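From just these sequences and the hints, can you work out the full model?
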Amino acid sequence: MKEVKLINKKQCDEVFKILFQTWPQAQCELLHNNHFQLLIAVVLSAQATDKSVNKALEPLLQQSPFFSAADLIEMGEESFLKVIKSIGLAPTKARNCFKLAKILQEKYLGDVPLEREKLEELPGVGRKTANVILNVLCNLPTMAVDTHVERLSQRIGLVLQTKDRLKIEEELLKRVPQKYAVKAHHILIFHGRYHCVARKPKCELCPIEHLCLKVGVTH
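Note that UniProt numbering gives residue 139 to position 139 of the sequence shown, counting from 1, and the numbers run on in steps of one.
Hints are supplied without guarantee of correctness; some may be wrong.
[Stated by the list, open to error] Lysine-lysine pairs mimicking DSSO-like chemistry, simulated, CA-CA at most 27 angstroms apart:
| hint | residue 1 | residue 2 |
| --- | --- | --- |
| 1 | Lys10 | Lys202 |
| 2 | Lys99 | Lys82 |
| 3 | Lys118 | Lys99 |
| 4 | Lys214 | Lys200 |
| 5 | Lys9 | Lys118 |
| 6 | Lys174 | Lys118 |
| 7 | Lys99 | Lys85 |
| 8 | Lys174 | Lys17 |
| 9 | Lys82 | Lys51 |
| 10 | Lys5 | Lys214 |
| 11 | Lys174 | Lys163 |
| 12 | Lys202 | Lys214 |
| 13 | Lys10 | Lys214 |
| 14 | Lys10 | Lys179 |
| 15 | Lys51 | Lys200 |
| 16 | Lys179 | Lys214 |
| 17 | Lys167 | Lys9 |
| 18 | Lys82 | Lys214 |
| 19 | Lys102 | Lys55 |
| 20 | Lys179 | Lys9 |
| 21 | Lys200 | Lys163 |
| 22 | Lys202 | Lys51 |
| 23 | Lys202 | Lys5 |
| 24 | Lys167 | Lys179 |
| 25 | Lys163 | Lys9 |
| 26 | Lys85 | Lys51 |
| 27 | Lys10 | Lys167 |
| 28 | Lys10 | Lys174 |
| 29 | Lys51 | Lys163 |
| 30 | Lys167 | Lys102 |
| 31 | Lys163 | Lys214 |
| 32 | Lys214 | Lys174 |
| 33 | Lys5 | Lys163 |
| 34 | Lys163 | Lys10 |
| 35 | Lys118 | Lys102 |
| 36 | Lys85 | Lys102 |
Note that these hints are calculated values from the structure, not bench results.
Values in this document were obtained by computation on a predicted structure and should not be read as measured data.
Below, the structure written as structure tokens:
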């Protein structure tokens with residue numbers, strides 16, 4: 001089996017410089033007006049698209065812009081399930097959101113704790129969800145590895161091929177230039193979502209085509 005090489009540090013720096021210029025608007029696209037809404041939106045986005053989560057939550061947030069943990073508890077799990085029924089794994093996600101709302105209300109007066117350990121203790125909140133919360137709300141240079149980040153980081157040659165998302169996260173945190181670290185995962189997500197798609201990526205129009213190793217790309 002032919003060994004796959006990585007792009008070097010200079011090329012890696014150039015990749016992020018170009019992508020940073022290409023996607024200056026890259027940011028979290030989940031609708032939210034407060035910390036609690038972002039938390040439940042990220043929980044709901046597991047194995048679902050941001051678009052589907054926004055579509056499900058938008059009517060609720062229009063009706064109740066300051067929707068909180070206390071509001072979800074008052075609404076009840078079954079009623080919340082009806083709101084999110086179009087999202088994959090809705091029953092499990094409704095149960096987790098209701099449970100975490102009760103914990104937030106009881107332990108943190110309804111606030112979302114901004115510490116990794118406390119976040120990951122909440123139902124339905126794993127490392128990736130905690131990474132998103134800490135990045136968006138605290139501006140920390142975390143790396144939330146979703147399907148886009150996993151695909152692009154290996155396709156471009158930023159990390160070696162692996163299914164281990166924690167390993168991908170750790171390697172990216174080592175290789176991403178510090179000045180792009182806070183926005184790096186949003187940049188990769190935007191490029192993967194809108195350009196370097198899973199099937200038939202638009203290589204001929206890609207601003208980093210000359211740097212990309214195109215691992216696994218077939219046309």
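Against the structure, the hints come out as follows:
no. : hint              : result
1   : Lys10 <-> Lys202  : 24 angstroms, holds
2   : Lys99 <-> Lys82   : 16 angstroms, holds
3   : Lys118 <-> Lys99  : 14 angstroms, holds
4   : Lys214 <-> Lys200 : 12 angstroms, holds
5   : Lys9 <-> Lys118   : 35 angstroms, violated
6   : Lys174 <-> Lys118 : 25 angstroms, holds
7   : Lys99 <-> Lys85   : 17 angstroms, holds
8   : Lys174 <-> Lys17  : 16 angstroms, holds
9   : Lys82 <-> Lys51   : 18 angstroms, holds
10  : Lys5 <-> Lys214   : 11 angstroms, holds
11  : Lys174 <-> Lys163 : 18 angstroms, holds
12  : Lys202 <-> Lys214 : 11 angstroms, holds
13  : Lys10 <-> Lys214  : 18 angstroms, holds
14  : Lys10 <-> Lys179  : 14 angstroms, holds
15  : Lys51 <-> Lys200  : 21 angstroms, holds
16  : Lys179 <-> Lys214 : 25 angstroms, holds
17  : Lys167 <-> Lys9   : 18 angstroms, holds
18  : Lys82 <-> Lys214  : 43 angstroms, violated
19  : Lys102 <-> Lys55  : 25 angstroms, holds
20  : Lys179 <-> Lys9   : 14 angstroms, holds
21  : Lys200 <-> Lys163 : 21 angstroms, holds
22  : Lys202 <-> Lys51  : 22 angstroms, holds
23  : Lys202 <-> Lys5   : 22 angstroms, holds
24  : Lys167 <-> Lys179 : 22 angstroms, holds
25  : Lys163 <-> Lys9   : 23 angstroms, holds
26  : Lys85 <-> Lys51   : 14 angstroms, holds
27  : Lys10 <-> Lys167  : 22 angstroms, holds
28  : Lys10 <-> Lys174  : 14 angstroms, holds
29  : Lys51 <-> Lys163  : 25 angstroms, holds
30  : Lys167 <-> Lys102 : 33 angstroms, violated
31  : Lys163 <-> Lys214 : 17 angstroms, holds
32  : Lys214 <-> Lys174 : 21 angstroms, holds
33  : Lys5 <-> Lys163   : 17 angstroms, holds
34  : Lys163 <-> Lys10  : 26 angstroms, holds
35  : Lys118 <-> Lys102 : 14 angstroms, holds
36  : Lys85 <-> Lys102  : 21 angstroms, holds
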